[in-house]
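S.K.: Full structure from sequences and hints, please.
Listed below are the residues making up each chain.
Protein chains: 2
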Amino acid sequence: MMEKAEEILKVKGVNPTAVRILVLRYLLEHLKSQSLKDIEEGLMHTDRSSIFRSLKTFEEKKVVHSIEDGSGMIKYAVCPTGCNCDPQDLHYHFYCTKCSYTYCLLDNPIPIIKLPQNFKMQRANMVVKGLCNKCS
Amino acid sequence: MMEKAEEILKVKGVNPTAVRILVLRYLLEHLKSQSLKDIEEGLMHTDRSSIFRSLKTFEEKKVVHSIEDGSGMIKYAVCPTGCNCDPQDLHYHFYCTKCSYTYCLLDNPIPIIKLPQNFKMQRANMVVKGLCNKCS
DNA sequence: TTAAACTTTGCAATTGAGTTGCAGTATATT
DNA sequence: AATATACTGCAACTCAATTGCAAAGTTTAA
Numbered sequence: 525m526m527e528k529a530e531e532i533l534k535v536k537g538v539n540p541t542a543v544r545i546l547v548l549r550y551l552l553e554h555l556k557s558q559s560l561k562d563i564e565e566g567l568m569h570t571d572r573s574s575i576f577r578s579l580k581t582f583e584e585k586k587v588v589h590s591i592e593d594g595s596g597m598i599k600y601a602v603c604p605t606g607c608n609c610d611p612q613d614l615h616y617h618f619y620c621t622k623c624s625y626t627y628c629l630l631d632n633p634i635p636i637i638k639l640p641q642n643f644k645m646q647r648a649n650m651v652v653k654g655l656c657n658k659c660s
Numbered sequence: 525m526m527e528k529a530e531e532i533l534k535v536k537g538v539n540p541t542a543v544r545i546l547v548l549r550y551l552l553e554h555l556k557s558q559s560l561k562d563i564e565e566g567l568m569h570t571d572r573s574s575i576f577r578s579l580k581t582f583e584e585k586k587v588v589h590s591i592e593d594g595s596g597m598i599k600y601a602v603c604p605t606g607c608n609c610d611p612q613d614l615h616y617h618f619y620c621t622k623c624s625y626t627y628c629l630l631d632n633p634i635p636i637i638k639l640p641q642n643f644k645m646q647r648a649n650m651v652v653k654g655l656c657n658k659c660s
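The listed protein sequences correspond, in order, to chains A and B.
Our numbering applies: residue 525 is where the first sequence begins, and numbers increase by one.
Our numbering applies: residue 525 is where the second sequence begins, and numbers increase by one.
Among the clues, some could well be false.
[As the list claims (entries may be wrong)] Heads up, incomplete: computed chain A residues facing chain B, CB under 7 angstroms, no partners named:
1) K536
2) P635
3) I637
4) M645
5) Q646
6) V652
7) K653
8) S660
[Unchecked claim] Here are the in silico distance ranges between beta carbons for each label pair:
9) A/M568 to B/L552: 47 to 57 angstroms
10) A/E527 to B/P604: 53 to 63 angstroms
11) A/P640 to B/T605: 21 to 31 angstroms
12) A/E565 to B/S624: 28 to 38 angstroms
13) A/G606 to B/Q646: 43 to 53 angstroms
Hints were generated in silico from the structure; no laboratory data involved.
For every residue, glycine included, the Cβ atom is placed at its ideal position computed from N, Cα and C.
M.R.: Structure (structure tokens):
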């Protein structure tokens, strides 16, 4: 039986190479979205630029989507089944300015935003910054 | 009569030095929030680190507030009268992924976000990315 | 089955924004 | 004026992201 990571790559039309499988498997194993650096540190023997390029390929083929969560680093998360990387698949993030931890605020829906005529939304990053319960 | 920039600095308790007056004047002359680079290019004979430190001082003394608008660069805008740099003073931004222009979406209020117990909001950056009318 | 073409990878180097150390200059204080 | 304090400019550094390039791996086609 084929491994999940490989399965996903195949379905999304991405050639399942060694690095790509490792990167995707790493993302699947972690609930929270991960930065390039997180992945680099998790996969200690894999080159950063190879991971970087895997992530770019994944993004293009909608295997993952990227998130700006206020940390200053781009984070990546595996697209859930049926995800079309639309804002409704997203949620607010809370970034603690003291401990630098990012929380997902899953209880708040992202409202529908009225855009001017002929503006097309592709993605949204909604970040609240402040102090978390441990730091305030 | 004292110039506006100087006036503001005096009121906010910031020593009105040459660089600071130039930086604040530059921000006052531009409706859109400006990045460090924008200001550096606007004030061609002023050192980047001096501008940078002016902005940090301004932020600390609530002369300006900073905004992450999706461009990847921190932008600065003069605090309007009565601004306490709270989320309600902010608005959504729309960043066009093709032409890299940032629009302010002034028609959409930022909703009240329910935070978990003991979380304190300091600031919010709400960015929608996509294609603007000229690029779609 | 071997050569050519294409893809992927690892390393090193570069970019770009932000930030800091330090010494010189300017301003304020006594 | 002498000293202390604040500000500025330059150069250097950080840190994440990104690119160039050649080597290694894989696929295609003669």
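S.K.: Could you run down the list of hints and mark each one as holding or not?
M.R.: Hint-by-hint comparison with the structure:
This hint is violated: A/K536 has a C-beta 21 angstroms from the nearest C-beta of chain B, more than the 7 angstroms allowed. At a threshold of 7 angstroms, the smallest CB-CB gap from A/P635 to chain B is about 5 angstroms, leaving the interface hint in force. The restraint placing A/I637 at the interface with chain B holds, with a minimum CB-CB distance near 5 angstroms, inside the 7 angstroms limit. Below 7 angstroms, beta-carbon pairs count as interface contacts, and A/M645 has one with chain B at about 4 angstroms; its hint therefore holds.
Restraint check, A/Q646 versus chain B: the minimum CB separation of about 4 angstroms is within 7 angstroms; hint holds. Look at A/V652: its Cβ gets to within about 5 angstroms of chain B, closer than 7 angstroms, so that hint holds up. Using the Cβ-Cβ criterion of 7 angstroms, the hint placing A/K653 at the interface with chain B is satisfied: the shortest such distance is roughly 5 angstroms. The beta carbon of A/S660 comes within 5 angstroms of a beta carbon in chain B, closer than 7 angstroms, and the hint placing it at the interface holds.
Checked against the hint of 47 to 57 angstroms, the pair A/M568 and B/L552 passes, with Cβ atoms roughly 51 angstroms apart. Checking the proposed 53 to 63 angstroms range against A/E527 and B/P604 shows it holds: the Cβ atoms sit about 56 angstroms from each other. For A/P640 and B/T605, the hinted distance range of 21 to 31 angstroms is satisfied, since their beta carbons lie about 28 angstroms from each other. Between A/E565 and B/S624 the CB atoms are about 31 angstroms apart, so this pair conforms to the stated range of 28 to 38 angstroms.
Checked against the hint of 43 to 53 angstroms, the C-beta distance between A/G606 and B/Q646 comes to roughly 35 angstroms, which is inconsistent with it.
Of the hints listed earlier, those the structure fails to meet are numbers 1 and 13, in rising order.
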